[in-house]
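Based on the provided sequences and hints, a complete structural model is requested.
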Amino acid sequence: MSWKDLFMSCPAKDCSNTDASFWSHRSCGSRIQINELAELRCSFHRNSSNIFGWSFGCSKHSDHSGKLDYKEPDRIKLLAVLAISLKDKGSELDDEWVIMLVMNLRKKN
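Going by the UniProt record's numbering, the sequence shown opens with residue 1, and the numbers climb by one from there.
By construction, these hints were calculated from the structure, which means they are not laboratory data. Predicted, not measured: the structure shown is a model, and the values here were computed from it. No residue lacks a Cβ here, since even glycine has one placed at the ideal position from N, Cα and C. It is possible that part of the hints are untrue.
[What the hints assert, rightly or not] Cross-link-like lysine to any residue pairs, in silico, SDA-like; alpha carbons within 25 Å at most: (1) K67 to F52; (2) K77 to G66; (3) K108 to S24; (4) K107 to A83; (5) K4 to R31; (6) K60 to S85; (7) K108 to C42.
[As the list claims (entries may be wrong)] Label pairs and their computed distance ranges (CB to CB): (8) R75 to S48: 15 to 23 Å; (9) S62 to W97: 27 to 35 Å; (10) I76 to G29: 23 to 31 Å; (11) A80 to M100: 17 to 25 Å; (12) M103 to S65: 35 to 43 Å; (13) W97 to F22: 12 to 20 Å; (14) S27 to V102: 27 to 35 Å.
As structure tokens, then:
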């Protein structure tokens, strides 16, 4: 199993943000990572769990003070934004890793 820094646009339902970025853990600011088993973890805390158990916040869904409103990922949108991200980072990723991630994403949720 190997971990990659999570780089994608916001997967929250009804979010219009299409800008891909690296994701960071709300409590410590460390990068969020993904593995081929479709699990996420904080690169500092290293506790991993199902990607669909996480919520995502971005600047497009925040209150007037800038506090982020964290939302669960939309299954179809998550698959789409990950596919775009993986395509863009294709030369950095192993084909088998990507295939395993896609297969495991289909089994989750």
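Tested hints:
no.: 1; hint: K67 to F52; verdict: holds (22 Å)
no.: 2; hint: K77 to G66; verdict: holds (24 Å)
no.: 3; hint: K108 to S24; verdict: holds (22 Å)
no.: 4; hint: K107 to A83; verdict: holds (16 Å)
no.: 5; hint: K4 to R31; verdict: holds (10 Å)
no.: 6; hint: K60 to S85; verdict: holds (19 Å)
no.: 7; hint: K108 to C42; verdict: holds (19 Å)
no.: 8; hint: R75 to S48: 15 to 23 Å; verdict: holds (19 Å)
no.: 9; hint: S62 to W97: 27 to 35 Å; verdict: holds (33 Å)
no.: 10; hint: I76 to G29: 23 to 31 Å; verdict: holds (29 Å)
no.: 11; hint: A80 to M100: 17 to 25 Å; verdict: holds (19 Å)
no.: 12; hint: M103 to S65: 35 to 43 Å; verdict: holds (41 Å)
no.: 13; hint: W97 to F22: 12 to 20 Å; verdict: holds (18 Å)
no.: 14; hint: S27 to V102: 27 to 35 Å; verdict: holds (29 Å)
Of the numbered hints listed earlier, not one is contradicted by the structure.
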